Amino acid sequence: RRELPDGGARPNAAQFKQLVVTALRELHGEVGAALPVDVLTYEEKTVSAILRVISSGLVKLWSALTLLGFYQNRRCAFRVLQTSPFLLALSGNSRELVL
Amino acid sequence: MVRFKNRYVLCEVVSEDPRCRQCIEDRALGLAVRDAIARVHGDYGLACCSISFTVKYLNAYTGTVLLRCRKDSYRLLCSALPFVRYLESRAQRYPCLLNTLHVGGTIRTCQKFLIQYNRTQLLRLLQNCTNEEERQCIQKSLLSCSLTEEQSQSGDEEEDDGTE
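Top line first, the protein sequences correspond to chains W and C. When we follow the numbering used here, the leftmost residue of the first sequence carries the number 410, and every step to the right adds one. When we follow the numbering used here, the leftmost residue of the second sequence carries the number 7, and every step to the right adds one.
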């Protein structure tokens, strides 16, 4: 699950995917841009998404998202909230669990 | 025990344009290769491969190039070499290809391979040449390089690299 704080215009799903692929292309070149990344869900209101990537590509994806600084000439940052090999685990965040 | 290990990649520049041979320079070639790595592997790949990247040896007559890089990133370099499509020097672009001949750990192994390769290339040229004078020329150079091998081992390397 990723969260992207932003100042103004919010990207839609296609633009979000384009942003991810652009980040990969900048850091890892054509090889990185060819990494199969899927946007499983995307919420435009909170600008957060669930991405799926092959496990050998996690390091490349995470590093590329961390180093992406600009969206439409506005500063932005990707915050990774949770990573897990199982989709079901993403539904509950054990860090925010209140006992 | 702890030392930086390098890989030496032996390539051959193949080009249809005959003027390209004259303008092969080490700086132009280095820039072309680095540009290809940046395109294919991005900033990370470029930085990885440029740590110890140089053009160690360049022979403009035969188009032989010896590149050096770190052992950890030689695969990135080798995968980016087919993406070098043109050499640029003095505001002229020449389309060319880079064939990878050999990857070795030391310059000496690459030199040994290059000698063997040049010998086989001379034989192939002998079979393919149509002109009688060319045939005489190549036969003479073949005989000279094989005779010196029997007589003296030390003079062998220089003879082979010079004849083509």
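Think of the hints as simulated: they come from the structure by calculation, not from any bench. Take the hints with a grain of salt, since some may be wrong.
Keeping only pairs whose Cα atoms sit at most 35 Å apart, straight-line, the calculated DSBU-like set for lysine-lysine is [said to hold, decoys possible]:
# : chain 1 : residue 1 : chain 2 : residue 2
1 : C       : K146      : C       : K62
2 : W       : K469      : C       : K146
3 : C       : K146      : C       : K118
4 : W       : K469      : C       : K77
5 : C       : K62       : W       : K469
Because the structure is a prediction, the values reported are computed rather than measured.
The hints, checked one at a time:
1. C:K146 to C:K62: 30 Å, holds
2. W:K469 to C:K146: Cα-Cα ~56 Å, so violated.
3. C:K146 to C:K118: Holds: C:K146 and C:K118 sit about 22 Å apart, inside 35 Å.
4. W:K469 to C:K77: Measuring from Cα to Cα gives roughly 20 Å; hence the hint holds.
5. C:K62 to W:K469: Distance ~31 Å between C:K62 and W:K469 Cα, so the pair holds.
Checked against the numbered hints given earlier, this structure breaks only hint 2.
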